[in-house]
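Student: Below, each chain spelled out in residue letters.
2 protein chains.
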Amino acid sequence: NAGWTDLDIRAVDTVRVLAADAVQKVGNGHPGTAMSLAPLAYLLYQQVMRVDPNDPEWIGRDRFVLSAGHSSLTQYIQLFFSGYGLDLDDLKALRTWASLTPGHPEYRHTDGVDITTGPLGSGIASSVGMAMAQRRQRGLLDPDAAPGESPFDHNIWVIASDGDLMEGVSGESASLAGTQRLGNLTVFYDQNQISIEDDTDVSFDEDVAARYAAYGWHVQTVDWRRGDTTTGEGEYVENVDALLAAIQQAKAVTDRPSIIALRTVIAWPAPTKKGTGKSHGSALGDEEIAGLKKLLGFDGRKTFEVSDEVLEHVRQARKRGKEVHAEWQKGFDAWRKANPDGAKLLDRLLERRMPDGFEQAFPTFPADEKGIATRAASGKVLGALAEVMPELWGGSADLAESNNTTMEGQPSFLPADRQTSEWKGGPYGRTLHFGVRENAMGMALNGIALEGLTRPYGGTFLIFSDYMRPAVRLAAIQRLPVTFVWTHDSIGLGEDGPTHQPVEHLAALRAIPGLDVVRPADANETAEAWKTLLQHTDRPAGLCLSRQALPTLDRKEYGDVAGVAKGGYVLADVEDGTPDVILMASGSEVSVALQAREALAKEGIGARVVSMPCMEWFEAQDKSYRESVLPPTVKARVSVEAAVGMSWYRYLGDAGRAVSLEHFGASAAGALLFEKFGFTPEAVVSAAKDSL
Amino acid sequence: NAGWTDLDIRAVDTVRVLAADAVQKVGNGHPGTAMSLAPLAYLLYQQVMRVDPNDPEWIGRDRFVLSAGHSSLTQYIQLFFSGYGLDLDDLKALRTWASLTPGHPEYRHTDGVDITTGPLGSGIASSVGMAMAQRRQRGLLDPDAAPGESPFDHNIWVIASDGDLMEGVSGESASLAGTQRLGNLTVFYDQNQISIEDDTDVSFDEDVAARYAAYGWHVQTVDWRRGDTTTGEGEYVENVDALLAAIQQAKAVTDRPSIIALRTVIAWPAPTKKGTGKSHGSALGDEEIAGLKKLLGFDGRKTFEVSDEVLEHVRQARKRGKEVHAEWQKGFDAWRKANPDGAKLLDRLLERRMPDGFEQAFPTFPADEKGIATRAASGKVLGALAEVMPELWGGSADLAESNNTTMEGQPSFLPADRQTSEWKGGPYGRTLHFGVRENAMGMALNGIALEGLTRPYGGTFLIFSDYMRPAVRLAAIQRLPVTFVWTHDSIGLGEDGPTHQPVEHLAALRAIPGLDVVRPADANETAEAWKTLLQHTDRPAGLCLSRQALPTLDRKEYGDVAGVAKGGYVLADVEDGTPDVILMASGSEVSVALQAREALAKEGIGARVVSMPCMEWFEAQDKSYRESVLPPTVKARVSVEAAVGMSWYRYLGDAGRAVSLEHFGASAAGALLFEKFGFTPEAVVSAAKDSL
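For the protein sequence lines, the chains are A and B, in the order given.
Mind the numbering: the first sequence is residues 1 to 692 in the working numbering, read in order.
Mind the numbering: the second sequence is residues 1 to 692 in the working numbering, read in order.
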């Protein structure tokens with residue numbers, strides 16, 4: 001029993017009025033859900049979640065994910081109530097420049113916001129990653145504690161909307177969560193059956209509860225639309241006790257994720273707009289708000305009315321937070337004392353510091369004309385890091401062997417009953433199996449990074465970065481240290497043909513602000529790329545790797561591989577350092593450029609070869625470095641990349657030429673495609689002459 | 001009862017041997033599924049589907065979608081058998097340069113291939129569009145025929161794999177198909193529970209049949225892994241009669257889509273590799289193939305062994321196709337005779353010819369400083385085309401009102417029992433409701449276009465083009481006349497903030513080969529953009545439209561709007577035609593450039609303004625036109641676009657400057673964001689001076 005008093009009910013009604021007023025003030029936004037979910041949000045923040053408003057970053061806290069991010073007021077008003085630092089003026093500044101209350105919740109921007117949400121499906125999908133990370137973190141630091149007894153135990157709470165559950169990524173994630181038996185995850189599905197096009201009957205007629213049961217979830221329904229089920233009275237009764245009982249039941253079920261379908265009427269109790277699409281994404285209007293205030297006993301002449309009594313009552317959340325935090329601290333201190341090694345590790349992880357021996361752990365690869373694929377080199381790097389960097393873990397979207405993402409000998413992250421003959425492991429394992437679900441993988445990686453202690457990576461083919469762009473963008477926007485491993489990075493993959501050959505993807509990914517796109521040219525550049533990107537702890541990187549073997553360059557002959565960290569560097573030059581032409585390339589095309597340089601030399605043309613594994617890192621260098629690599633006086637320039645040329649034009653200027661691929665690929669051997677599509681020394685030589 | 005003789009069984013075994021041999025010859029590919037699905041594919045092509053190998057483009061044919069596109073041999077071998085024009089040499093040329101048998105099936109490349117597949121989930125998702133289009137086409141041309149009696153009735157058959165059903169887009173589509181009651185759609189789910197990471201238990205433990213039942217599908221399971229269910233004998237019995245019975249049942253259920261889960265053992269009956277991940281995507285090896293041939297009674301010394309007797313037997317498909325086609329023709333001819341108007345329409349649709357009155361139907365908008373949003377102009381264009389272009393139809397991913405994608409007064413495409421108070425319609429309606437499912441929308445649009453008669457469009461916010469990139473790419477690769485309507489095309493959308501504001505999207509979409517990205521500057525450019533893109537019948541276009549009002553330019557003062565068709569044109573110039581600087585812009589930034597031009601004029605600097613609504617159309621013009629717009633002698637250039645600058649550098653050269661946005665947006669009013677982020681006449685003036 002939730003034991004709500006009249007004061008609690010007044011507080012919840014205050015939420016509704018604040019939501020209506022805040023949207024009305026700015027003139028746009030989403031009042032409806034914030035109003036109808038007021039009892040749920042209040043219950044969570046005031047009675048259910050283990051959080052401490054005094055310390056929003058507390059590692060022992062439960063995590064809250066507002067997957068229905070458009071209803072940001074659902075969270076902001078509770079943050080204001082609980083005392084996270086938001087005040088009434090912040091609510092008044094909703095959706096305005098530089099306010100703490102932007103249109104959708106933003107991680108790193110507002111205290112108490114654990115994740116940036118807004119794109120539907122993304123929050124619920126990332127929550128699955130959080131739930132996975134919680135288990136892995138416990139396994140790293142406190143594996144032997146009894147369930148619920150570890151300071152590293154906490155729960156993930158999610159509020160999701162109809163729209164969240166329509167998006168495919170939520171389905172992918174739900175299937176994964178079911179397979180993983182994520183008992184620490186509870187989703188509230190706000191089943192109001194209203195979206196922007198009003199009644200969801202026109203597009204969403206499925207039985208959601210049955211679908212989640214099919215995924216292996218524990219499913220409950222709390223139907224406020226049936227009225228009072230004992231007396232049969234009322235058209236709509238917000239039975240908070242029934243909701244709390246369902247929550248307790250969800251917590252008690254620890255071998256499956258839980259979903260609670262809460263059947264609500266959107267914008268309840270707005271007199272005329274409740275239950276309509278209009279209340280979803282528009283201000284209610286003065287008249288409707290006046291009606292609402294009258295109904296709830298608020299003064300229609302006032303806006304943003306919060307009584308002192310209500311505020312004092314809800315602010316007790318700070319005191320409760322302090323108490324629950326103190327209680328946790330005892331257990332945590334005991335853990336620290338009993339686990340000095342674990343404590344040392346935790347401190348390092350919290351600082352996102354590289355481990356001792358980090359630099360030394362990386363393999364170096366001897367020069368070798370035949371060489372190896374950069375994906376294979378990446379696999380060796382991961383294997384070498386396995387011991388030294390326990391926080392590093394990851395897997396693949398069903399392409400483990402192709403992506404070389406498995407650290408050899410490491411157990412799979414799997415419930416015991418999901419092990420197979422190929423994959424042994426356990427709940428604290430390290431190798432992740434995402435299935436053919438690239439977007440869910442990306443969102444899960446984000447959730448893992450948001451939990452704060454570990455460093456996740458996930459692999460698929462570069463072509464399928466298309467499926468995961470929403471997740472990649474959210475990694476960039478949240479500045480999360482996630483590594484995307486994208487192999488089979490060009491037509492060089494060969495026979496699988498145009499549907500599997502990336503052409504536009506390098507450019508399309510480089511276009512995303514805050515994402516480092518790294519495409520190493522050989523095995524040693526691959527190791528250096530991993531070394532560099534792991535030391536960036538405030539942004540994601542995409543590592544684009546070849547399927548085919550690439551020559552391992554002789555570093556006695558060519559530029560120092562340390563140049564990778566600068567994004568672009570001189571790999572080979574003319575003797576006097578004043579080349580006639582600059583050949584720029586990345587990845588597998590660097591060797592083609594080197595061959596072209598030799599051919600040009602025979603014709604008396606001096607060419608410099610610049611390896612450009614990461615344009616973002618190059619752009620971060622100072623001007624003098626950049627101009628030392630690409631002297632403005634040398635106008636003859638050629639870019640060589642088996643992809644659309646778009647991202648190279650900024651370096652080509654008036655005279656430059658792009659050796660690029662401006663159409664889709666074909667099904668044939670990769671080496672033959674390089675010939676057919678003009679990624680040959682001859683073609684580069686010809687372009688260089690053209691540019692001169 | 002399928003009535004298979006020994007010869008049929010020999011033919012099916014021949015399929016298995018051919019699949020193993022073909023992959024072995026090229027050294028890579030996917031033999032396993034082609035082997036285990038041989039009985040299903042044979043049954044479909046020889047006994048179930050209404051197709052005519054003599055006329056692969058026959059409009060009355062059933063459509064076949066190999067969603068498991070990696071198993072292309074499943075289809076190629078049947079096309080060879082049935083006599084679609086593939087011969088044994090084509091199978092020997094599998095996955096090699098210019099062969100008719102590329103790694104994945106390619107539409108427009110191999111006769112009998114109705115759709116390009118490969119990216120998992122895409123085929124099954126597009127099949128939902130095909131099924132929708134079939135119903136709409138029937139409604140346009142033959143609405144009153146009894147069920148099954150119209151020449152426009154046909155069925156859609158899909159083979160999908162575990163991987164297809166893991167991808168979120170298939171879930172989105174399945175929910176949509178259930179809501180739409182697509183009784184003409186049957187999916188075979190090849191439930192072999194093996195994917196690249198072997199046993200799917202590690203990632204895919206859900207109850208798929210229950211999930212599809214929850215979507216409202218008719219679900220059947222045919223389990224060949226239970227052995228002979230009557231005698232209890234055999235570890236694995238390919239009970240073709242049970243499969244055919246399920247197919248007949250699926251056809252009989254016309255108020256729901258059907259899925260038949262066929263539980264198979266991958267690569268059956270390969271002696272040691274059946275049931276393993278190894279057989280999924282690798283050649284089996286000589287030894288295994290020898291074992292297979294021995295088991296099946298084939299000569300181990302021969303490859304590609306097809307007996308004359310088998311070939312003669314299976315080629316009877318041509319005769320049967322001719323008969324069924326002739327039978328259909330009778331009904332079709334009768335329909336033509338009875339429906340002269342319909343016949344005229346059909347002929348036009350088949351030729352993809354614009355209707356009479358097409359050019360005249362477009363609205364023109366009077367000059368107006370306040371103007372209207374280009375999304376609103378687009379809505380008016382659609383409304384104006386409703387009568388004249390019955391083949392044009394579409395909708396939105398739950399943003400109808402925001403995207404302005406509804407043709408006013410047109411009925412919704414909905415089963416009668418799915419109508420709501422907001423949306424009335426029927427099974428032959430025109431307004432599509434996709435729900436919050438952008439990728440499923442895109443895939444469905446592709447399927448609709450593939451059916452061949454209608455022109456579909458679908459809307460969402462430009463930011464969510466990220467969710468649908470896999471579909472957009474497949475539209476481009478298949479050269480389908482699909483229009484993506486992407487509104488809210490910049491930070492100008494305002495308060496919804498960074499998760500909703502596109503920044504990198506214009507560049508990322510322009511990077512896709514074969515996609516026209518069109519961003520009109522005002523209402524009249526919007527009409528001209530629609531007019532132009534509809535006349536391109538061999539490629540998709542993305543129309544990027546503003547949320548905010550844009551001034552409607554006075555065309556007496558500025559360049560003729562017909563220039564839109566050329567992608568870029570001179571909107572305003574200096575009197576003598578030799579400007580000091582060129583200002584290039586698209587969409588909402590064109591007006592900013594025009595203001596900057598006036599400010600520059602006051603300082604004695606002559607600026608030309610080029611409106612560049614579509615770089616792809618501009619690049620398609622001849623050099624002399626392009627140089628007349630952007631004279632090579634004018635080196636001072638500025639691009640203005642509220643997005644990353646990447647795609648403009650090709651026009652900027654050494655001296656040019658990009659006024660661009662190289663970071664994420666923020667939550668505030670759109671006009672304020674334009675100021676804060678430097679999309680102002682002042683900033684453009686400053687960049688122009690910098691460039692001079």
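Rather than coming from a laboratory, the hints here were simulated on the basis of the structure.
Here the structure is a predicted model, which means the values were calculated and not measured.
Keep in mind that the hints are not guaranteed to be accurate.
[Unchecked claim] In the DSS-like style, the derived pairs of lysine-lysine whose C-alpha atoms are separated by at most 25 Å in a straight line are: (1) B/Lys330 - B/Lys251; (2) B/Lys635 - A/Lys689; (3) A/Lys676 - B/Lys92; (4) B/Lys251 - B/Lys322; (5) A/Lys25 - A/Lys294; (6) A/Lys92 - B/Lys676; (7) B/Lys294 - B/Lys319; (8) B/Lys302 - A/Lys623; (9) A/Lys322 - A/Lys380; (10) A/Lys92 - A/Lys25; (11) A/Lys689 - B/Lys25; (12) B/Lys676 - B/Lys566; (13) A/Lys370 - A/Lys635; (14) B/Lys623 - A/Lys635; (15) A/Lys635 - B/Lys676; (16) A/Lys623 - A/Lys635; (17) B/Lys566 - B/Lys602; (18) A/Lys556 - A/Lys602; (19) B/Lys92 - A/Lys635; (20) B/Lys689 - A/Lys623; (21) A/Lys25 - B/Lys676; (22) A/Lys566 - A/Lys635; (23) A/Lys322 - A/Lys251; (24) B/Lys566 - B/Lys531; (25) B/Lys25 - A/Lys676; (26) B/Lys330 - B/Lys92; (27) B/Lys25 - B/Lys92; (28) A/Lys344 - A/Lys531.
[Said to hold, decoys possible] Computed spacing ranges between beta-carbons, pair by pair: (29) B/Arg225 - A/Gly426: 38 to 44 Å; (30) A/Tyr625 - B/Glu682: 45 to 51 Å; (31) A/Asp87 - B/Ala599: 39 to 45 Å; (32) B/Asp111 - A/Pro143: 55 to 61 Å; (33) A/Asp87 - B/Glu359: 42 to 48 Å; (34) A/Arg348 - B/Gly234: 45 to 51 Å; (35) A/Gln410 - B/Glu682: 55 to 61 Å; (36) A/Pro632 - B/Gly285: 31 to 37 Å; (37) B/Trp97 - A/Leu692: 29 to 35 Å; (38) A/Asp144 - B/Arg225: 37 to 43 Å.
Even for Gly, the Cβ is constructed at its ideal location relative to N, Cα and C.
Student: For every hint, state whether the structure bears it out.
Tutor: Against the structure, the hints come out as follows:
Our distance criterion of 25 Å between C-alpha atoms is met by B/Lys330 and B/Lys251, whose separation comes to about 23 Å. Note on B/Lys635 and A/Lys689: the hinted pairing holds, with a Cα-Cα distance of about 23 Å set against a maximum of 25 Å. Distance restraint check for A/Lys676 and B/Lys92: the Cα-Cα separation of roughly 21 Å lies within the 25 Å cut-off, and the hinted pair is therefore satisfied. For the hint linking B/Lys251 to B/Lys322, the alpha-carbon distance of about 22 Å falls within 25 Å, and the restraint holds.
Of the supplied pair hints, the one linking A/Lys25 and A/Lys294 holds, its CA atoms being roughly 19 Å apart against a limit of 25 Å. With a CA separation close to 21 Å, the supplied pair A/Lys92 and B/Lys676 stays within the 25 Å bound. Using a Cα cut-off of 25 Å, the hinted pair B/Lys294 and B/Lys319 is violated, with the two alpha carbons roughly 33 Å apart. Restraint check: the Cα-Cα separation between B/Lys302 and A/Lys623 comes to about 66 Å, which exceeds 25 Å; the hinted pair is violated.
For the given pair, A/Lys322 sits about 47 Å from A/Lys380 by alpha-carbon distance, which is inconsistent with the 25 Å threshold. Distance check on the hinted pair: A/Lys92 and A/Lys25 sit about 7 Å apart at the alpha-carbon level, within 25 Å; holds. For the proposed pair A/Lys689 and B/Lys25, the alpha carbon gap of about 41 Å is over 25 Å, so the pair is violated. Our distance criterion of 25 Å between C-alpha atoms is broken by B/Lys676 and B/Lys566, whose separation comes to about 33 Å.
The straight-line distance between the Cα atoms of A/Lys370 and A/Lys635 is roughly 33 Å, outside the 25 Å bound, and the hint therefore fails. Proposed proximity of B/Lys623 and A/Lys635 is supported: the alpha carbons are some 23 Å apart, at most 25 Å. Taking the CA atoms of A/Lys635 and B/Lys676, the gap is about 35 Å. The hint is violated against a cut of 25 Å. Simply put, A/Lys623 and A/Lys635 have alpha-carbon atoms about 17 Å apart, close enough for the 25 Å limit, and the pair holds.
Restraint check: the Cα-Cα separation between B/Lys566 and B/Lys602 comes to about 30 Å, which exceeds 25 Å; the hinted pair is violated. In summary, the hint linking A/Lys556 to A/Lys602 is supported, as the alpha carbons are separated by about 22 Å, within the 25 Å threshold. For the hint pairing B/Lys92 with A/Lys635, the CA-to-CA distance comes to about 49 Å; that exceeds 25 Å, so the pair is violated. Restraint check for B/Lys689 and A/Lys623: satisfied, since their Cα atoms lie roughly 21 Å apart, inside the 25 Å limit.
The suggested pairing of A/Lys25 with B/Lys676 holds, with an alpha-carbon distance near 22 Å, which does not exceed 25 Å. The straight-line distance between the Cα atoms of A/Lys566 and A/Lys635 is roughly 22 Å, inside the 25 Å bound, and the hint therefore holds. For a cut-off of 25 Å, the pair hint linking A/Lys322 to A/Lys251 stands: about 22 Å separates their Cα positions. Between B/Lys566 and B/Lys531, the direct Cα distance comes to roughly 12 Å. Compliance with the 25 Å bound is thereby established for this hinted pair.
Only pairs whose Cα atoms come within 25 Å are accepted, and B/Lys25 paired with A/Lys676 is accepted, the gap being roughly 22 Å. Pair hint B/Lys330 plus B/Lys92 does not hold up; C-alpha atoms about 39 Å apart against a cutoff of 25 Å. Distance hint between B/Lys25 and B/Lys92 is fulfilled; the C-alpha atoms sit about 7 Å from each other, no more than 25 Å. Taking the CA atoms of A/Lys344 and A/Lys531, the gap is about 22 Å. The hint holds against a cut of 25 Å.
About 28 Å separates the C-beta atoms of B/Arg225 and A/Gly426, a value inconsistent with the hinted range of 38 to 44 Å. Checked against the hint of 45 to 51 Å, the pair A/Tyr625 and B/Glu682 fails, with Cβ atoms roughly 32 Å apart. Between A/Asp87 and B/Ala599 the beta carbons are some 42 Å apart, a value that agrees with the proposed interval 39 to 45 Å. Taking the beta carbon of each, B/Asp111 and A/Pro143 are about 60 Å apart, inside 55 to 61 Å as hinted.
Here the CB-CB span from A/Asp87 to B/Glu359 is close to 59 Å, at odds with the stated 42 to 48 Å. Our hint of 45 to 51 Å for A/Arg348 and B/Gly234 is violated, since their Cβ atoms are close to 58 Å apart. For A/Gln410 and B/Glu682, the hinted distance range of 55 to 61 Å is satisfied, since their beta carbons lie about 57 Å from each other. For A/Pro632 and B/Gly285, the hinted distance range of 31 to 37 Å is not satisfied, since their beta carbons lie about 57 Å from each other.
One distance hint, 29 to 35 Å for the beta-carbon pair B/Trp97 and A/Leu692, holds here, with the actual separation near 33 Å. For the hinted restraint 37 to 43 Å between A/Asp144 and B/Arg225, the CB-CB distance of approximately 41 Å keeps it satisfied.
Of the numbered hints stated above, those contradicted by the structure are hints 7, 8, 9, 11, 12, 13, 15, 17, 19, 26, 29, 30, 33, 34, 36, listed in ascending order.
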